[in-house]
Amino acid sequence: MNKDKTLHKEIRKDFPILSKKILKTKDLVYFDTAASAQKPQVVIDELNQFYKSHYSNVSRGVHTLSVESTLRYEDARKKIQSFINAKSENEIIFTKSATESINLVAQTFYDKYMSTGDEIILSLMEHHSNLIPWYFLRDKYGVVIKFANITDSGEIDVNHFESLITPKTKIAALTHLSNVYGSKIDEKVSSICKRNNVAILLDGCQSAAHLKIDVQKLECDFFVFSGHKTYGPSGIGVLYGKENLLDEMPPYQGGGGMIGEVTTDKVSYAELPAKYEAGTPPIAEAHGLGIAIDYMNNIGIENIINHEEGLTKYAYEKISELDFVKIYGAGDNRNSIISFNIENIHSHEVSSFLDVEGIAVRAGHHCCQPLMKHLGVNSTSRLSFGVYNTIEEVDIFINALIKCKEFFIK
Amino acid sequence: MNELLKELYQEIILDHGKEPRNFGECETHNKSAHGHNPLCGDKVSLTLFIDDDDFIKDIKFSGEGCAISVASASLMTEKLKGKKLSYAENMFKDFTDLVKGSEDSLSTIDEDDSLYALKGVKDFPMRVKCATLAWHTFKNALKD
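Just so you know, the protein sequences line up as chains A and B, in that order. Just so you know, my numbering puts 83 at position 83 of the first sequence, and the rest follows in order with no gaps. Just so you know, my numbering puts 93 at position 93 of the second sequence, and the rest follows in order with no gaps.
Please note that a few of the clues may not be correct.
[What the hints assert, rightly or not] Straight-line C-alpha distance at most 25 Å; calculated DMTMM-like pairs for lysine to aspartate or glutamate:
no., chain 1, residue 1, chain 2, residue 2
1, B, Lys6, A, Asp27
2, B, Lys6, A, Glu357
3, A, Lys21, B, Glu3
4, A, Lys403, B, Glu11
5, A, Lys188, A, Glu302
6, B, Lys119, A, Glu357
7, A, Lys26, A, Asp14
8, B, Lys43, A, Glu343
9, B, Lys6, A, Glu343
10, B, Lys18, A, Glu357
11, A, Lys212, A, Asp294
12, A, Lys410, B, Glu64
13, A, Lys405, B, Glu64
14, A, Lys410, B, Glu3
15, A, Lys78, A, Glu68
16, B, Lys129, A, Asp32
17, A, Lys24, B, Glu3
18, A, Lys403, B, Asp15
19, A, Lys326, B, Glu19
20, A, Lys373, B, Glu25
Treat the hints as calculated values from the structure; they're not laboratory data.
The following block holds chain B by itself, in its conformation from the complex:
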């Protein structure tokens, strides 16, 4: 099997693509956003509960899309839960750098990180939008 494909579809991606974690809507939320990739029709809806100290107490997503976009959203919610917003924003930047192939200045994601599994996307430029859809939706939710 082709190495690039193996790299793209690591076990963890296929697993999260099939059985996404944190799928649904937060019982109480104070931030939300809808994301949509008009090129392919993938959709994601995100709800968050952020406490007074700027910690992400709860985060859930729903929507439909390819394995990459669903797995990315699922992994993102796992990662962001419990994080402080300022740290989460750094993760946003690191993650978008990672999937575009620049991993020199990552401060919040290392090789042991589950998010690192999405690094293979860099060899499929048309799929970068699939991987970053949830993250951009997260950014938008913060403006909510």
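Pulled out of the complex, with its shape left as it was, chain A reads as follows:
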């Protein structure tokens, strides 16, 4: 514990933004990592250095800068391969966001493996980015979308999920870690999919920086996450796909970089991973993400997990003691995210109040309107932790919550 505390002081120094004062007086308490993580100095410096010393376009020039950029871009791919334990670097596709990764899969998986009347399973707690790409397929091609129920503890109802599968079910797309409940998906879901020959996409936006990711153990066919939630830059997303699927599926976008040979009447496509990377990719952003992954590896994923588990447990217990606060979901299987409401106070008021105290929390529907409807609420507040948060910050937050309630409910 003592050792962890020392380690922690050092980690906070790595994030320059944490020394910012909110409204000139309040120390920043950043509890919105689930929306986007802050960036360590090393990522900021490396981005700067990349543009100052190495930048050019990738994979097409033979000059020195092009080589230096390409090496860094491809190096980032290898780092990600190892970070999520993919079998091959051909299975790592760079996109502009996790959202684009899901759109890519929805469109190209449909093109290869589905037709009108086929079925997709989602859950009621998916982020809009894992709903709308599939809604597009429903609207355009008449596929059927089924929704798995969510239990009161904030997990997929596994029995209900299994009951939805029919011979027409082709793919399930589910959150690996809920951005509202903080709950991790039951591993049984992947096995059920495998047994029934249903492909599974896991949305790892909330898990990639907070859990140990092993795509082979997870038995998923696709795994997506974003750079900006994993201490890297925005504008970069990752798609992992099993090589045989990525090989069989058609390209997503056409453009430079994804071609084999082009004539006036036909085109052949590049090998993986270039086949899915049309156009100039987010080059510096990929490099920055690679550096962010180095940063997490240097701290140690296990250390990050232990630290955040401690914070989450402490915060959950402390908030549970407040009789005017309702927490959504159960206490166990909760990772770095707690959504809550104060009785009779809208989350906007809570968020504005906390902001003035220097505390950043998210308020709103968290891009999960179907889940909000299921919960019977318009919005919630959400605190979420990153590697830089502390127990002391949780105490500041708890005191501010009490003050907030006293302010609005006299």
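Position chain B relative to chain A; hints supplied.
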């Protein structure tokens, strides 16, 4: 307590947020619109009855949202009732200016006005949309 918060949550705002006036639907209406803030999910539905001389004879709203958006809608209905449309459109402009922090050229809202209570929103840029949702819905209703 922080001055900015006091400014934002004046008594009148909290009062209208908790007990909105003109809540519901007009018995007869000839204009209506739904407003929605997709960023936070706040909703407002507005019904109006406008007479042949362009006076707002009746105006009511319903919906759900934070104290700022509900109070703003409630205060708006109080203000607009009985006003001529041309005047109401000027109020729309003045109000949106006010909550964005520019109050130099207000012609329909002065410091004694209840709408002035929402001026504190200017220090919370992310909340401007909460305060203006009802007003934009009003604008849309006129196109109905």
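Problem set entry | Broken hints, by number | none
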